[in-house]
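> The chain contents come next:
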Amino acid sequence: MRSRRDRAGAAATAVVAACLGYLGFRFLQWGVVHAHWALPPGAASSLCRASRGQGACWAVVHERFRFILLGAYPYEQQWRPALACLLFVALYAASAVRACWRPWLLGLWIGVPAVAVLLLRGGWLGLAAVPSDAWGGLPLTFLLSTVGFAAAIPPAVGLALGRRSRMPAIRVLSIAYIELLRGVPLITFLFMAALMFPLFVPQGLAVANVLRAQVAFVMVIAAYLAEVVRAGLQAVPAGQYEAAASMGLRYWPATLLVVLPQALRIMIPALVNTFIAFFKDTSLVAVIGLFDLLGAAKAVIVDPQWVGFGVEVYLFVAAVYFAFCYAVSRYTHHLETALAAGGRR
Amino acid sequence: MRALAWQAGAVALVLALLVVLVVQTAANLRLRGLASGFGFLGRATGFEISASPLAYSPRDSYARALAVGLLNTVRVALLAIVLATALGLVLGIARLSRVRIVATLARAYVEVVRNTPLLLQLLFWYSLSQALPGPRDALRPLPGVFLCIRGLHLPGLAWHGGTRWLVAAAGALAIVVGLLRGISRRQRDRAGRALPTARLAAGAAAVLLVGAIAAGHPAVTLDRPALMRFGFEGGMSLTPEFAALLIGLSTNTAAFIGEIVRGGILAVDRGQTEAAAALGMSRARVLRLVVLPQALRVALPPTTTQYLNLTKNSSLAVAIGYPDLMSIADTTLNQTGQAVEVIALVMTVYLALSLVIALLMSAAEP
Chain R
104 MRSRRDRAGA AATAVVAACL GYLGFRFLQW GVVHAHWALP PGAASSLCRA SRGQGACWAV
164 VHERFRFILL GAYPYEQQWR PALACLLFVA LYAASAVRAC WRPWLLGLWI GVPAVAVLLL
224 RGGWLGLAAV PSDAWGGLPL TFLLSTVGFA AAIPPAVGLA LGRRSRMPAI RVLSIAYIEL
284 LRGVPLITFL FMAALMFPLF VPQGLAVANV LRAQVAFVMV IAAYLAEVVR AGLQAVPAGQ
344 YEAAASMGLR YWPATLLVVL PQALRIMIPA LVNTFIAFFK DTSLVAVIGL FDLLGAAKAV
404 IVDPQWVGFG VEVYLFVAAV YFAFCYAVSR YTHHLETALA AGGRR
Chain A
289 MRALAWQAGA VALVLALLVV LVVQTAANLR LRGLASGFGF LGRATGFEIS ASPLAYSPRD
349 SYARALAVGL LNTVRVALLA IVLATALGLV LGIARLSRVR IVATLARAYV EVVRNTPLLL
409 QLLFWYSLSQ ALPGPRDALR PLPGVFLCIR GLHLPGLAWH GGTRWLVAAA GALAIVVGLL
469 RGISRRQRDR AGRALPTARL AAGAAAVLLV GAIAAGHPAV TLDRPALMRF GFEGGMSLTP
529 EFAALLIGLS TNTAAFIGEI VRGGILAVDR GQTEAAAALG MSRARVLRLV VLPQALRVAL
589 PPTTTQYLNL TKNSSLAVAI GYPDLMSIAD TTLNQTGQAV EVIALVMTVY LALSLVIALL
649 MSAAEP
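Chains R and A are the protein sequences, given in the same order. Quick note: to get our numbering, add 103 to the position in the first sequence (first position is 1). Quick note: to get our numbering, add 288 to the position in the second sequence (first position is 1).
Check before you lean on any hint, since a few could be wrong.
What the hints assert, rightly or not - Okay, the calculated bits of chain R under chain A, using three or more residues with CB under 8 Å as the criterion:
#1 115-123
#2 170-182
#3 269-276
#4 312-319
#5 427-433
Claimed, not checked - To give an idea of the interface, some chain R residues facing chain A are shown, with a C-beta separation under 10 Å as derived from the structure:
#6 Tyr344
#7 Gln365
#8 Leu367
#9 Ile369
#10 Ala373
#11 Ser386
#12 Leu397
#13 Asp406
#14 Pro407
#15 Gly413
What the hints assert, rightly or not - Which bits of chain A does chain R cover? Going by a derived footprint, with three or more residues having C-beta under 8 Å, they are:
#16 308-321
#17 343-351
Hints were generated in silico from the structure; no laboratory data involved. Ideal Cβ positions, reconstructed from N, Cα and C, are used throughout, including at glycine.
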């Protein structure tokens, strides 16, 4: 009996390994052996076009990677978006270290995006001013997701508390907001931001596209985060509320000092998961014409010279997204086990 | 008293916000000389739709164009839900396979899909379809199947017979099913084991169909795609946009469903597997008859969420040019300028779709 199962397992392994080996071989042939890595100076993409179907054209990434990663930012000023990227990465790294989970980390989440915006905008200390239409690539992706997430937390907590409130009017309003924003595709709100926003504000008030998209993200992320916070609040045992009440604490002190801190600890992994989800979803701004990481990649292959090399460009961008999201998701996984171990007695 | 004040304050604030918004928007619309109201729905669109399940021409109304978009959304979402569920089930089981390489492969798939944006995946599939050869050099993965830059062409069934033969076939099938059920019930009472009625009925239907084709019956023929002057004609065809969207949505959601299925299987008590094994059941039977029914019960609610996500995500069709509801609404919006009405309409429809799916799934819950 046992040996039969082993034999079946070995056969399955052999079959899968053979298929995998063949596909891997074909992929290597395409992606490495017959690939063009860089074009000789002055040569157009015709060299790549000649070997269409046989080999990959990584030359498109080689030639355009600064545009993909940093957008249409003025070339000689590109140290600024690059520095902004580093600041964001440092922020994420600091947030991952548990010794840094102190109140000042909150300040960092406000401070770093602010500094990044100042860096990108310029117009101070002799830095040339760069309009937000020229911002793009990875810094824009980082900016949209970080600000969107940080700014959505306060309204999310409010909505979650509102949904659990005993006051019917507050509860109904919170539920309506949360369900409306979660029930409709995110892209609808981006279209609203791009096309409808001018109708909502007094005429002559121009608001940059980036800022409008940012506001749309904050509004939507708040609705999704509210559900995460609600789950966290629900996980705090009722005894905690009762104990706080019996100590004479009223609603707000009990909520802010007793319940929320405990809920926060429980919901950290879910918070990080939401962050990854929206980090990926910021790519939707490519549809309304912003040049975030994906938008810039899309713009590269509109260039007549590089039309038809989407596969290579998208594989490169996918690798960038994957590196970031995979690292963060492995971290949440580690955090889940570590926090669960801490909660046990 | 305090509670009342809080609530009154909140309601007043929301109302005030809405009033300001409405007044401001109305003023802006007047200033720009834009019309308001849903009158535009009756006007002719003047644009083509590349794939339409309804008869449609540019002379038709915006209402009809939007209906075409809605049907396209429903079509791609339904198909993708079916494919994603099937693939997700396989992935969830493969993740727990004892064969190391199968489990690793499934895990790698799930990680890659879950850690890259869906929009990127859709654009990737679409550019892959655009890198295919032209119709003359179409790839032929299977006889009768053609894959080229214009899309995927498959043999299809063509129906010429009208309703007479359809009724006759349905009647014959009904009689066969009725007989089978009778035999099955007697068999169950006598031997304790029922016949696999559903499978036998499906088999009978297949025999009927293949028989009709093989006998050269004029009512039903196999329609193969053939290369004509302007590309392939005949058979079934999927446009590259539809294929990219379908593949992207189903492979993406499958990764999420796979993780749900895996969680569901792990949630089934080990004792269940051991008890079934002690009864002498094979591993496949244990999985099919004991573990999966219990696992799926756990997996159903989160799967509903995935179906809802998939339906909402189908709106990303707008990025690759498949004429779903969102793309047609976008075009309508750009042509008429009536952003408020169009967006309100789209929101209502997506909310209604979400509601329908949620209701259907809760009806399916045991």
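> If a hint holds in the structure, say so; if it doesn't, say that too.
Taking the hints in turn, this is what the structure says about them:
Given as covered by chain A, the stretch 115-123 of chain R passes the check, having 5 residues with a CB less than 8 Å from a CB of that chain where 3 are the minimum. Counting residues of the stretch 170-182 of chain R whose CB lies closer than 8 Å to any CB of chain A gives 0, which falls below the minimum of 3, so the coverage claim is violated. Counting residues of the stretch 269-276 of chain R whose beta carbon lies closer than 8 Å to any beta carbon of chain A gives 6, which meets the minimum of three for the stated coverage. Closer than 8 Å: that is the beta-carbon criterion, and the stretch 312-319 of chain R has 0 residues meeting it against chain A, so the requirement of 3 is violated.
For the stretch 427-433 of chain R, the stated coverage by chain A is satisfied: 3 residues place a CB nearer than 8 Å to a CB of that chain, which reaches the threshold of 3. A cut of 10 Å between beta carbons decides the hint on Tyr344 of chain R: the least distance to chain A is about 17 Å, and the hint is violated. Nearest Cβ of chain A to the Cβ of Gln365 of chain R: about 24 Å, over the 10 Å cut. The hint is violated. The interface hint given for Leu367 of chain R is violated, since its Cβ lies 24 Å from the closest Cβ of chain A, which is over the 10 Å cut-off.
Hint status for Ile369 of chain R: violated, given a least beta-carbon distance of 19 Å to chain A, over 10 Å. Given the 10 Å rule on beta carbons, the hint for Ala373 of chain R is violated: about 14 Å separates it from the nearest Cβ of chain A. Residue-level restraint check for Ser386 of chain R holds (minimum Cβ-Cβ distance to chain A is 4 Å; threshold 10 Å). With 10 Å as the threshold, the beta carbon of Leu397 of chain R comes within range of chain A, its nearest partner Cβ sitting at about 6 Å, so the hint holds.
The closest approach between the C-beta of Asp406 of chain R and any C-beta of chain A is roughly 14 Å, which is over the 10 Å cut-off, so the hint fails. With its C-beta approaching chain A no nearer than about 15 Å, Pro407 of chain R sits outside the 10 Å limit, and its interface hint is violated. Annotation: Gly413 of chain R was flagged as interfacial toward chain A, and the flag holds, the nearest CB pair being 3 Å apart, inside 10 Å. With 6 residues carrying a beta carbon less than 8 Å from a beta carbon of chain R, the stretch 308-321 of chain A meets the three-residue requirement, and the given coverage holds.
Check result for the stretch 343-351 of chain A against chain R: violated, 0 residues qualifying (beta carbon to beta carbon below 8 Å, three or more required).
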